[in-house]
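Sequences listed follow chains A and B, in order. For the first sequence, this note's numbering gives the first residue as 70, with consecutive numbering after it. For the second sequence, this note's numbering gives the first residue as 70, with consecutive numbering after it.
Wrong hints could be hidden among the right ones.
Copies of one chain are not kept apart here, so a pair can be met inside one copy or by any two copies together.
Claimed, not checked - Here are the simulated DSSO-like pairs of lysine-lysine, each with C-alpha atoms no more than 27 Å apart in a straight line:
id, residue 1, residue 2
1, K264, K207
2, K225, K377
3, K207, K225
4, K275, K389
In case anyone wonders, no lab produced these hints; they're calculated from the structure.
Protein chains: 2
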Amino acid sequence: MTTIGACLAQSTVIDDFKPASSNQPNKQYPQVNSERRVKAGITAPQAQKVQLDIGGKRYDLTKDEKGLWTGISDPQDEGFHYYQLNIDGAQVPDPGSLFFYGASRWGSGIEIPAKDQDFYALKNVPHGQVREHLYFSKLTEAWRRCFVYTPPDYDKKPGVRYPVLYLQHGSGEDETGWAVQGKANLILDNLIAEKKAVPMIIVIDKGYATIPSQAAEQKAGPPARGAGGISAFEQVLIKEIIPMIDAEYRTLSDREHRGMAGLSMGANQTIQITMNNLDIFSYIGAFSGTSNYPSTDPIDPATFSNGKFKDGAALNRQIKLFWLGLGTKEPSPFPGSVGAFRNMLDKAGVKYVYYESPGTAHEWLTWRRDLFQFAQLLFK
Amino acid sequence: MTTIGACLAQSTVIDDFKPASSNQPNKQYPQVNSERRVKAGITAPQAQKVQLDIGGKRYDLTKDEKGLWTGISDPQDEGFHYYQLNIDGAQVPDPGSLFFYGASRWGSGIEIPAKDQDFYALKNVPHGQVREHLYFSKLTEAWRRCFVYTPPDYDKKPGVRYPVLYLQHGSGEDETGWAVQGKANLILDNLIAEKKAVPMIIVIDKGYATIPSQAAEQKAGPPARGAGGISAFEQVLIKEIIPMIDAEYRTLSDREHRGMAGLSMGANQTIQITMNNLDIFSYIGAFSGTSNYPSTDPIDPATFSNGKFKDGAALNRQIKLFWLGLGTKEPSPFPGSVGAFRNMLDKAGVKYVYYESPGTAHEWLTWRRDLFQFAQLLFK
Chain A
70 MTTIGACLAQ
80 STVIDDFKPA
90 SSNQPNKQYP
100 QVNSERRVKA
110 GITAPQAQKV
120 QLDIGGKRYD
130 LTKDEKGLWT
140 GISDPQDEGF
150 HYYQLNIDGA
160 QVPDPGSLFF
170 YGASRWGSGI
180 EIPAKDQDFY
190 ALKNVPHGQV
200 REHLYFSKLT
210 EAWRRCFVYT
220 PPDYDKKPGV
230 RYPVLYLQHG
240 SGEDETGWAV
250 QGKANLILDN
260 LIAEKKAVPM
270 IIVIDKGYAT
280 IPSQAAEQKA
290 GPPARGAGGI
300 SAFEQVLIKE
310 IIPMIDAEYR
320 TLSDREHRGM
330 AGLSMGANQT
340 IQITMNNLDI
350 FSYIGAFSGT
360 SNYPSTDPID
370 PATFSNGKFK
380 DGAALNRQIK
390 LFWLGLGTKE
400 PSPFPGSVGA
410 FRNMLDKAGV
420 KYVYYESPGT
430 AHEWLTWRRD
440 LFQFAQLLFK
Chain B
70 MTTIGACLAQ
80 STVIDDFKPA
90 SSNQPNKQYP
100 QVNSERRVKA
110 GITAPQAQKV
120 QLDIGGKRYD
130 LTKDEKGLWT
140 GISDPQDEGF
150 HYYQLNIDGA
160 QVPDPGSLFF
170 YGASRWGSGI
180 EIPAKDQDFY
190 ALKNVPHGQV
200 REHLYFSKLT
210 EAWRRCFVYT
220 PPDYDKKPGV
230 RYPVLYLQHG
240 SGEDETGWAV
250 QGKANLILDN
260 LIAEKKAVPM
270 IIVIDKGYAT
280 IPSQAAEQKA
290 GPPARGAGGI
300 SAFEQVLIKE
310 IIPMIDAEYR
320 TLSDREHRGM
330 AGLSMGANQT
340 IQITMNNLDI
350 FSYIGAFSGT
360 SNYPSTDPID
370 PATFSNGKFK
380 DGAALNRQIK
390 LFWLGLGTKE
400 PSPFPGSVGA
410 FRNMLDKAGV
420 KYVYYESPGT
430 AHEWLTWRRD
440 LFQFAQLLFK
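Go ahead and model the full structure; you've got the sequences and the hints to work with.
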């Protein structure tokens with residue numbers, strides 16, 4: 070963890086910094102240049118030390134005569150990154166950025182323009198809606214919230230019913246992620262406009278649940294599992310969320326028109342839940358995660374997951390799409406873990422699609438691309 | 070502006086502080102006690118000076134041996150307040166709070182429990198949805214966003230059409246305010262469940278607009294006014310938003326089923342726009358603002374606003390409800406300005422309802438109460 074990177078970098082940086090698209094209205098900092106460096110800036114006249122904390126590295130900022138601290142990072146990967154500022158030891162959100170939930174906190178994020186950003190851009194195409202849906206969960210004895218994407222024309226065509234994708238966030242994130250930093254609604258709006266994806270409903274819920282009557286059992290360890298080793302979230306999804314969505318939205322409610330996908334922890338959940346419920350789901354998407362996580366050990370399909378994967382031929386008849394994605398820059402254990410899972414699928418003869426997002430790590434541009442690719446294969 | 074208040078206060082504070090309901094998940098600070106004092110806390114080991122900035126006053130925090138700074142404010146008014154922390158001269162959001170748009174920035178807010186908080190609580194009643202609705206505005210040549218509240222059963226009763234309230238934020242706020250810190254959706258859910266309000270659609274848009282072809286004229290001064298002294302926002306609302314809402318939602322689209330209300334700047338806009346368009350609106354709500362703002366001078370109805378208010382009898386036949394609200398602790402010029410406006414209405418013989426929110430200032434609890442009162446009189 071070095072902090073001299075900023076000084077070295079400044080001798081060679083290209084000075085074409087512009088305010089990031091993820092900034093608050095009228096805020097000048099942070100900025101991004103054509104090399105994908107981030108220039109942070111904050112006024113803190115009496116501070117002793119101010120740092121930009123991004124991409125696992127801290128960069129020292131320097132103060133000018135007006136008390137404005139600025140500093141420049143190394144080039145960042147394309148896409149969206151969480152970050153923060155450190156002022157005399159306090160980790161705080163940057164007041165210049167919009168705020169996002171991730172890394173287990175609401176805090177700053179920054180958008181680094183990507184070469185392929187057109188696929189998630191806000192364009193002049195028909196737009197669906199993102200609906201905040203509050204509901205009481207009897208199982209968890211708590212209010213929960215999901216966001217439901219309804220495709221363009223949902224309200225204009227009251228006779229039409231739609232397939233449904235259940236789409237899950239990762240660890241440290243929540244139900245706001247996919248429709249904000251994930252841009253799931255814009256990705257689908259654009260795909261539907263180009264007729265590359267069929268109109269569908271997307272349900273984005275929170276992947277955490279605690280069932281009070283099973284709390285003792287759940288304390289045994291994550292992921293929280295209650296009766297019969299079934300996670301609390303699986304119970305809420307199967308017994309409460311899906312029936313509610315099928316009752317309150319115009320869904321096609323057979324397994325042929327229901328899919329589930331998720332990223333990281335949500336990918337692990339997706340594989341576990343769909344494989345436990347192949348009578349309910351026929352499309353499966355696992356972005357940057359598999360159900361053997363975090364192990365990278367070879368897997369024997371005869372014994373893994375109670376043998377659920379051992380009969381490839383049978384699974385290939387049931388599962389319409391098994392889709393795996395990974396960024397080429399993802400850190401350990403993801404490549405090894407996903408790789409071991411793929412080898413297991415190969416050994417069992419389970420068909421799947423595998424996609425690699427070039428130049429991205431365990432971050433949102435990987436998952437935006439995953440959704441973009443995956444959604445084109447759904448419900449066809 | 071004194072900073073010794075915290076020290077004085079600490080000698081007598083009641084030590085029953087609990088994390089605020091507006092905190093991020095699992096965050097211990099800020100806290101609120103039964104006296105409605107705020108206890109801020111942030112770890113900043115190397116900082117020289119840390120302050121809590123709330124209610125127009127800054128309170129010094131003190132550091133413990135672990136580098137945790139804490140400090141306690143004077144008792145605050147009931148309701149919701151924007152605030153921030155100051156770390157060695159840097160104004161930053163408190164990483165413990167959720168973030169809200171107001172005071173022209175996304176930043177911290179805190180909920181101080183109110184005696185009457187039940188009316189905006191999340192309760193076990195049927196809930197409507199809040200829908201994010203993206204649209205392209207040809208007039209402003211820009212993408213805009215509104216949030217649309219659809220009442221419970223909107224999707225279950227496809228044959229029913231609903232009246233519409235257009236509800237506006239204040240200066241320095243945006244289209245997120247009413248459905249987040251305003252709790253407009255919960256207020257209506259609760260009222261509808263108790264049959265105290267009729268089910269209605271609420272459209273919450275952003276009260277700013279710039280029409281490029283009128284930009285030179287608009288520069289003449291706020292509020293931005295284009296052709297014929299009509300504000301840019303009025304043009305967008307009348308020509309674009311209302312036709313879009315009537316086309317895309319199941320509205321009752323006559324003037325008898327359309328109202329407009331707003332707070333502060335939005336109240337000023339509401340009076341101007343509704344009085345310019347009495348063929349379109351019949352319900353008018355002005356929360357903490359009137360169209361003579363910021364003047365407190367006596368108003369002559371014969372000449373004010375081109376004489377629009379001079380014929381009270383005619384207005385009383387046209388306007389189904391003219392509703393004004395104010396908090397008892399609002400600062401100058403609001404009491405004088407609203408008072409002068411009321412005197413003008415009295416002089417002209419225009420009937421109106423006047424409500425005062427006890428013990429609240431120019432803040433969101435005033436406006437939540439306004440909506441709660443106003444909504445019960447709508448469309449009946």
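Query raised in the report: Any of the earlier hints contradicted here, and which numbers?
Result: Failing hint: just 2.
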